[in-house]
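Undergrad: What follows is the residue order along each chain.
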Amino acid sequence: MAQRAAVVGVGITDATSPRKQTRSHLELCQEAAWAAIEHAGVSPAELDGVVVGNIDGFEGTVLGGKHITRLLGLGTHLPMVVLNTGGTTGGNLMQVAARMVRAGTHQRVLCLGGPTFFGVRDLQSAINTNSPMIVEQPLGMGGFHMGAFAASAYQARHGTTVEDLASVVVADHQKASRNPYAHLRYTLSETDVVEGTPLSSPLTQPMVCPVSTSAAAMVVASEDVAAARRTPSALIRAMGTSSDPYLGGGKGDFAVMENLAALARRVYALADVRDPRAEFDVVEVFAPYVHMQPMQLEALGFCGAGEGIDLIRSGATDAGGDLPTNLSGGPKCTNAGVAGELAPYAYTALQVMGDAPEAIQVPGARTGLAHGTGGSFFQFENLAVFSQLTPQEQ
Amino acid sequence: MTNRVRPGPVHVVGLSCTPLLAEQDAVLDELVFDAVSAALSECALRKSDVGLSVLASMDVPDGRSISSGLTTAAAAGYLSDSYRLEADSGSAVAAAAQAVAAGDVEIAIAVGVHNPEHHAEDDAGRRRFLEQLSNLAFEPAFDRPVGMTAQTVYGMQAAHALHSGEVSLDDWAELSAAAITRGATGRRPGRSGPVTAADVLASAPVVSPLLDLMLPAPVTGAAAVVLASPARAARLLGRSAVLTGIGQATGDHTWTGDWLTRPGATTARAAADAYQNAELVDPGAEVAVVELSAPTPALHGPYLAALQLQGLAPERVSPSGGLASAHAGLANGIIRLLEAVEWLEQHQPRGRAVVHSVDTITGTVSEESTVVVVEGI
Amino acid sequence: MSSPLTQTVHWDLTYDVHLGSTWGRFMQGLREQKILANSCPECSRTFVPPQAYCESCFVRTEQWTELPAEGDLEVFTVVWQGFTGGPKPPYAVGGIRLAGADTLLMHVVTGLDFSDPSTVRDQLPHGSRVRAVWAEDRTGQILDISHFEPAG
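Residue numbers (full-length UniProt numbering), protein chains in the order written: chain A, 1 to 394; chain B, 1 to 377; chain C, 1 to 152.
Wrong hints could be hidden among the right ones.
Label pairs and their in silico Cβ distance ranges [what the hints assert, rightly or not]:
hint, chain 1, residue 1, chain 2, residue 2, range
1, B, G103, A, S177, 40 to 46 Å
2, C, V9, B, Q276, 39 to 45 Å
3, B, D212, C, K34, 28 to 34 Å
4, B, D212, A, G73, 36 to 42 Å
5, A, T197, C, W11, 26 to 32 Å
6, A, E190, C, H126, 22 to 28 Å
7, A, D253, B, D122, 47 to 53 Å
8, B, A141, C, H126, 35 to 41 Å
9, C, Q7, B, A285, 51 to 57 Å
Facing chain C, according to a computed beta carbon distance under 7 Å, are these residues of chain A, among others [to be verified]:
hint, residue
10, M141
11, A153
12, G159
13, T160
14, E163
15, S200
16, G249
It is worth saying that the hints were derived from the structure and are not from the lab.
All values derive from a computational prediction rather than experimental measurement.
Just so it is clear, CB atoms sit at the ideal spot from N, CA and C, and this is done for glycine as well.
My request is simple: use the sequences and hints to build the entire structure.
TA: What follows is the structure in structure tokens.
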């Protein structure tokens, strides 16, 4: 019988660069998985499924998630699903796990995202392998080169200056400096950002996410399991994914995120969200490149076209603002691949559970929005709306 | 172990498969499009009717990381809900069915595609490439450097089984010959027949004790299934079958040895869940036919026992010929479902079938097994 | 802190990527210095590179047309830091709208002065006209168009 699903446990490891990381891929995954299980208050033997993500080629493994999961020590013959949708892998883990629970066949499913970018020598060359082969791959585009297309188009449409873009980076670093799990925890000035090494115009090094190593995990459980916990859980009220065409050229307009806007309308309708700006207490978007956050805020209906940066500059998206966004510092300050993609879901769930790290917890947060995006030219989008589920009266 | 709740039934309304060929002159997404549009046509549905599409494919044979970028739109995923699993398409059927059972969608599609971006002159060449990829899927620090592949695992498991003295190479040759011969008269043969046990025993040694004709016949193609809620299915043309139970399990890692000594354990776990969902108490008496996915004859017995179907008449076990006749990589799970549903349509329109699929990426190591109970209505 | 223990892992995979009939025809056209597009019979959108099917109407594409080797540069980026095995930076990659196409063709764009990163955007404003320059030796691949250059 169909039932509701909720996030009942979250585990996030601290993050650092691949160079400084002393723990292995497996050790990071283990730490996150066990932290999530402990937070959920379930025992490993009670799990009845695992959904794990990997991106082949980026990791130097094929189905890397498969052998990692088997080494976690979570019991034998547990059903395990390997998901790979590139940059949306992390966010989609919960979509798959939630359906397993919502179908009524599973009660407690673990989602696990590891450090995808751990080990590859030149990440941009690995990312080029997902560029549309034959027609677009030979042109020489890695991740941030594809990202730069939208940044450039957005600038042309709205007259955005590099200083405007830099202000978003400054805000993200301010937020990350308070998050104990963040990788880049230093603050920056607009000048630091503008004068950073040019990567792919108009993006400079500080406008692009770091390569981090960390892991994240969540336990998704039935409403009954959630209601029996002593503390609040994060009920999954609505979720969805959407895909653009494969070729970057099929997008048509790089200056606006139409695919995300369409998905937002669909997911808001499911959750009966009518006034997103007023109804969300906390938002985490997957914005590894600087221009993405303002464009996403626009697509998500929080402001008009070309107004995203003004919204960020106004302080509305800071802690204490009316739309706290990416208080984790977002992927701009911590991006470990699948773990980084799962992070918006993990942090949003933690926020509505009231269990986020103290320095970034939004007091009284009850409704949150989590977002993911990825694939060649950010072809894929995913979204979920969480609501606080309070413990059952004993 | 947990208080499982029985999911609502999920109807099969469309099923299709592209021609299965040694190699296809097509881009992956064209194969996916052909399978999906044919499956939708069977039940007169359009892309806009699809609530979720789940794709099964793998980056490395596809020659692209995030190959789902290419194939998602072809799976009816443009501007709608979709994701890709790196798993046998049996897992995609399970995920699509869950979305229907959850009440999240009325129509869901599962599709699997397999057309490795590699050109070879013969089966041996095709296997060499798949084996290279298989090696990359093993654990990198210990298993990969020593040359572990799916075939080496199958070879070791077969050697171990022979050593027990309970089975013989001749028995396996008979099994493989019968399967290839049966498949050759079916709708999707990858090998021609008839073939005798002597032919099998005379075929080239591949990984001892296994011989060429004991291993799956590598073919390529795509297969798709359209699933619907009971209410929606009532208003649709197309197939008339119901998925009443689905179970999944993933096997253990190299180090435990289960893959060698208890190769049916994963399938047994998957079957237990599927049978419980389907309220199947006495499989031997209640199941008319099974579409089994045994990559070698050495796994035929262990898998059948795990499914509690060892008493089934030989002609009711993979009447299609199974993997010995044609094995389309990750598209296999849906092809087995198609074969089972077609058998029911022809022989027992109200019968019950069990569909078994495994991935063959790393052999019985970390093997994922899906068991589906399907009933004609 | 001691330096982490790592092992070198290298992938060496060679592929023969299937082109299929749709992209095969497009690549053959490039050898003959023709840019071929195809269209959806239902929504009439014209695709270049061509598509075997329309993702929106979910039907096979049909009619083929040759597009002019000139179009508007809708977007571009200059790559200052590239990747191992990729082109030598700096280089520019752009999205070009060929006349009559509903999609963008991505390609390398030349004619920019890279001496000052802050001026590149203004050198080729949105909508600048660019034209294809054909490679001398054409083998049926996307780089049979060597690059696009400003069309005066």
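Undergrad: The structure should be examined with respect to each hint, and the outcome stated for every one.
TA: Each hint tested on the structure:
1. B:G103 with A:S177: 40 to 46 Å: holds (44 Å)
2. C:V9 with B:Q276: 39 to 45 Å: holds (42 Å)
3. B:D212 with C:K34: 28 to 34 Å: violated (46 Å)
4. B:D212 with A:G73: 36 to 42 Å: holds (39 Å)
5. A:T197 with C:W11: 26 to 32 Å: holds (29 Å)
6. A:E190 with C:H126: 22 to 28 Å: holds (25 Å)
7. A:D253 with B:D122: 47 to 53 Å: Holds, at about 49 Å.
8. B:A141 with C:H126: 35 to 41 Å: violated (51 Å)
9. C:Q7 with B:A285: 51 to 57 Å: About 54 Å separates the Cβ atoms of Q7 (chain C) and A285 (chain B), which means 51 to 57 Å holds.
10. M141: holds (6 Å)
11. A153: holds (5 Å)
12. G159: Cβ of G159 (chain A) sits 11 Å from chain C, so the hint is violated.
13. T160: Given a least distance of 11 Å, the restraint on T160 (chain A) is violated.
14. E163: violated (12 Å)
15. S200: holds (5 Å)
16. G249: Status holds, d = 4 Å.
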